[in-house]
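> Take the sequence shown: its position 118, counted from the start at 1, is 618 in my numbering, and no numbers get skipped.
Each hint should be verified, as a subset may be incorrect.
Label pairs and their calculated CB-CB ranges [claimed, not checked]:
id, residue 1, residue 2, range
1, Q550, G781, 18 to 24 Å
2, N612, I786, 36 to 42 Å
3, I554, V773, 19 to 25 Å
The hints are simulated quantities; they were obtained by calculation from the structure and are not laboratory data.
The beta carbon of each residue, even a glycine, is placed where N, CA and C say it ideally should be.
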Amino acid sequence: MLRLRLRQAVHGLVLCAVAAATLSCAAVESTAGTDDPAVVVGPDAVARDQLLAIGRDLELRGEARSDAVVLNGDARIDGAVQGDVIVLGGDVALGPSARLGGDVFVLGGRVNAESGAAVEGRTVAYPSAPSSLVLLTEGPVLGQAALSPTVALLNLALLLAWLLVALVLVAGFDPALTATAQSVLERPFRNFFAGLVAVLAVALTFAVLTAVAPALVGAPLLAVCGVAILVCKLWGTVAVFLAVGARLLPVRLGLAGRPLAAALCGLLALGLVKMAPYVGGWTWTIVTCVGIGAALDSRLGRRDPWFA
Numbered sequence: 501m502l503r504l505r506l507r508q509a510v511h512g513l514v515l516c517a518v519a520a521a522t523l524s525c526a527a528v529e530s531t532a533g534t535d536d537p538a539v540v541v542g543p544d545a546v547a548r549d550q551l552l553a554i555g556r557d558l559e560l561r562g563e564a565r566s567d568a569v570v571l572n573g574d575a576r577i578d579g580a581v582q583g584d585v586i587v588l589g590g591d592v593a594l595g596p597s598a599r600l601g602g603d604v605f606v607l608g609g610r611v612n613a614e615s616g617a618a619v620e621g622r623t624v625a626y627p628s629a630p631s632s633l634v635l636l637t638e639g640p641v642l643g644q645a646a647l648s649p650t651v652a653l654l655n656l657a658l659l660l661a662w663l664l665v666a667l668v669l670v671a672g673f674d675p676a677l678t679a680t681a682q683s684v685l686e687r688p689f690r691n692f693f694a695g696l697v698a699v700l701a702v703a704l705t706f707a708v709l710t711a712v713a714p715a716l717v718g719a720p721l722l723a724v725c726g727v728a729i730l731v732c733k734l735w736g737t738v739a740v741f742l743a744v745g746a747r748l749l750p751v752r753l754g755l756a757g758r759p760l761a762a763a764l765c766g767l768l769a770l771g772l773v774k775m776a777p778y779v780g781g782w783t784w785t786i787v788t789c790v791g792i793g794a795a796l797d798s799r800l801g802r803r804d805p806w807f808a
């Protein structure tokens, strides 16, 4: 009877998640073409500090003496940028008069350069990056009002992505994932600080490699760093779901007894917290740091050395 109820609960959760994903797709499309006013730098204007557009487009016809960063929006460059142009979740359009002194990096979009545009650095674009990757980094939520319906739908889409990740990892790597979840239960504070240091170290590595490393060396290292931190985030966060669910479920249905039920219970609990304005974002930031730290502490659930 209990197994039947758990199976029915899982089916219901999956159906709700699919419905949420259907609604969230429309939300993502609507936010990509947001009606919010764009960040505009006129022909005679000079931006001395970093330009940052969150949840809106950037139109630059003047000069930017630092970097230009756009999250969940498009960038139109018809002027000069002495630094890098970084766009997550949008396209970059370079006009004939565009002059870029740094690199162009685009995730989830394309670079369209018209004849006459000049880029002194590297141009890297991942137009086919899965939307789940952008969702897992929570990029589309940035720049939106915390109480807006759009954020609620995007959070539901994020929870659907985590549901799929949890089902795959628990089904394929149950013993190893359980070992990482045990690390979360035994050493949460240590794992939090280890994960925080790891995230800061990767961010610093990205900055250094982008600034000084040649393309032949820097590009592979950047790819390795990005994949490593993403794997640790996915693995560790699902392990946190397991650990939280094990605390909420009865002892006989805990970590070792029903790992899938524990993971779904933890995801549901943390998902409800995530829907809370302001508190949810900070809570999931802590979850990310704890998960990455636990993944490193448990060697992704391995008991043998990394290179054995």
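> All hints, please: hold or fail.
Do the hints match the structure? See the list:
Our hint of 18 to 24 Å for Q550 and G781 holds, since their Cβ atoms are close to 22 Å apart. Checked against the hint of 36 to 42 Å, the pair N612 and I786 passes, with Cβ atoms roughly 39 Å apart. A C-beta distance of roughly 23 Å is found between I554 and V773, which places it inside the suggested range of 19 to 25 Å.
The structure meets every hint from the earlier list without exception.
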